[in-house]
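Student: The chain contents come next:
Protein chains: 2
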Amino acid sequence: MAEKLKPPRGFRDFPPEVAILRREVISRVVRVIEKYGFDPLDTPSIEHWETLAGKYGEEAESRLIWRFTDPWSGREYALRYDLTVPLARFIAGRPDIGLPFKRYHIGPVWRHEEPQKGRYREFYQCDADIVGSPYPEADAEIINLTVDAIRELGFTEFKVKLNDRRLLAGIFEEELGLDNPLHVYRIIDKLDKIGFEGVIGELSKAGLSKSLVERITEIISHRGEPLEELSPLCLKYGGNSRVSEACKHLEEAVELLNDVTMVELDMSLVRGLDYYTGPIVEVVLKKPSIGSVAGGGRYDNLIGLFTGKHIPATGVSLGIERLIDAGIELGIYKASRKTVTQVQVIVLDWSLLKHAWTTVKTLRDAGVNTRIDLVRANEDSQRRKARRLEIPLLVYIGVEEVKNNTVTIYDTRTGERKVVPREGLVKIVEETLAKPLLGERP
Amino acid sequence: MAEKLKPPRGFRDFPPEVAILRREVISRVVRVIEKYGFDPLDTPSIEHWETLAGKYGEEAESRLIWRFTDPWSGREYALRYDLTVPLARFIAGRPDIGLPFKRYHIGPVWRHEEPQKGRYREFYQCDADIVGSPYPEADAEIINLTVDAIRELGFTEFKVKLNDRRLLAGIFEEELGLDNPLHVYRIIDKLDKIGFEGVIGELSKAGLSKSLVERITEIISHRGEPLEELSPLCLKYGGNSRVSEACKHLEEAVELLNDVTMVELDMSLVRGLDYYTGPIVEVVLKKPSIGSVAGGGRYDNLIGLFTGKHIPATGVSLGIERLIDAGIELGIYKASRKTVTQVQVIVLDWSLLKHAWTTVKTLRDAGVNTRIDLVRANEDSQRRKARRLEIPLLVYIGVEEVKNNTVTIYDTRTGERKVVPREGLVKIVEETLAKPLLGERP
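Chains as they are written, first to last, in my numbering: chain A, 5 to 446; chain B, 5 to 446.
Isolated chain A, as found in the complex (with noise of 0.2 Å):
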């Protein structure tokens, strides 16, 4: 194709047997975020630079946000680089709402990444955030819908890694007398890319000793079963007072789990985020190896940086785009289904247009999703596009049918043809949608 037919890199169109799909899996998790009592909120695509400088660490706000000046009257915008942000720029101007608040809000954020597979400067992002609360309860709860959400999309295996950016500071405070660790947590962010001995190497280069470095290691290999992992953690350094404070919230939040066995503590998971502040969870599958499919965490500090009044905040961001992608690439879905159309009216005689027309207006005031052919194509080529679409349906009006006053009706699944009455049309179309077919998904 021509470049210049081409969305820009990065960018992507979804023609129907994908928008069919990535729509049922939105509204799949639409569901499951409502069962929780979260509502939706949307905030605008974009964002006065200001507000997003000096919440995403350095990479984003030099290289990563879409940045741009507005040529009329010079001010700087950027596009959403995220949904979080701009949720605590809402929440900011907006002491009257009642707290807590609990949002979703589903859209698309832009990120000058390098596109690669499973990374586009334009992707969807579906967050759900609870505002307000300060408790173990709200990270459960996010925690919990964020499983359910993943399980009703058709995934099984999976794990949550879940950790705490207090216990990391608490323990690197302790072990490494590191008061802020930003710069190590970056290199320890990159460890599935690099892997244990690429973060040894670049720790050893950002300049900590070897023991240092030893010692980070071993921290963060850390990993298992919530409670069991936790336990020996907190007794070694519960005097420190992140630790303590960070042993408690996970022990509260992991009581209140349903499925504790979906989760577990990972301490080399420190999210890239520089405005996490409490617990912290990313949720990889088992396969493909695709990358986290979603991650959150606690952000306590954030909003106040618009106001300087503390609300606290955690939430979760699933990856609708990887989820797809896994989705299909695991053979759960199929962007197989082109048309959400029903019924295609088939005319054997164009002189009986208007006819044909009062029986499509029928079907369509019934509820009934239904095309007529608008080129005048003969009976052929109306059936061969008929069937190229997989509409289920074909309703044939031809001479014959006009003058006995019925429609045949085909079924292309099953290849069962019947003339009806037609006045009892749409009734028998609906009964043959319902049915589902042998061995066809519901």
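Please note: incorrect hints may appear among the correct ones.
It does not matter which identical chain is meant; a pair holds if it fits inside one copy or across any two.
Within a straight-line C-alpha distance of at most 20 Å, the following computed EDC-like cross-link-like pairs (lysine to aspartate or glutamate) qualify [to be verified]:
id	residue 1	residue 2
1	Lys338	Glu126
2	Lys389	Glu141
3	Lys163	Glu229
4	Lys163	Asp263
5	Lys365	Glu141
6	Lys365	Glu256
Keep in mind that the hints were calculated from the coordinates and are not lab data.
Use these hints to put chain B onto chain A, whose structure you have.
Tutor: The following block gives chain B in isolation, referenced to the frame of chain A:
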């Protein structure tokens, strides 16, 4: 509110009570569009500048399109200005796509307008287009869909204005010797804003003679029942090939309208965009006076701009934003539903949290949207928050209830309170929620 806590000028936050309404409106429109056999297609928010350049006319290009240079690659990008040109780019790049291709797309577009009531810099469009049919039945289907969708949204008093670019061009050619009347169209397009006197003034300023201006105003005054208005014009100017094509096309289309009383021929309708080539439509509500709430038409040459291959197309864009604003003003809609939550579980004693948590899980697993307080508030505060959100059912869990293995259900809409066995909870909640209350919207 401090300036820095607001979205940029012309951009909006949609808090839950607005987002819930918007979603409902959009889902109703989707239902109608899908009944007409259209499938979703999504194209990206950002296009290469060249894709949009030369498609919309001078004002859009020089001022209204959000255009920016990517600081990294130096490439010129633009936020999409409508959903039609990206569709044309998509179709041009997919010669394998089956025609006619019927797609819809609902999403934001960006225009660098001066923000004012009903005019935003980011707003949603909802487009349905038929690509590949040159026939009047395609235009008729678009008009029928438009009328159905706007009725489905609750509006009854509106008109579809209909005209044809060929009709205008042909008559202008005959009467005025104007071969390319685009500059005249742009002035006529302001009729709603500046009135007949204003149009006359601007036409004169543009250098047209008094008699030309008079003839133009006479022509654009034709307005009424489509076939009645058409027939004298077609008779008088039928020798002009553009007029005769338009007459035949419009007459055939009108024959296929489900409700011709909703449609009037209006010779002052020109539409602002350059790319229209045939029938054009615009929908105006009787009140409030809010401008057009839908608009569209045939653009047979747009796709060819990309490939040189002639592919006819016709479509409509529903103005979701204005329809919502108008619906609120008319009292058809209320942005009053504050939450989708159906049940608030009220915990009378926080030592029972785990017990209550299980009840919440039971309700959620049964598909009931359920909240539980996440800040360990006292009963009074829990109830007040639920009331504020107008959550219909409260389910109380206290020491009594746990002891007797019951729960207490309180219906905030009727004031009815009942104690029910725990195992019967889901069934009773479902029944109570399903029962429509007297006077309640279904």
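Student: Please name the hints from earlier in the document that this structure breaks, with their numbers sorted from lowest to highest.
Tutor: The structure conflicts with hint 1 only, although it agrees with all the remaining ones.
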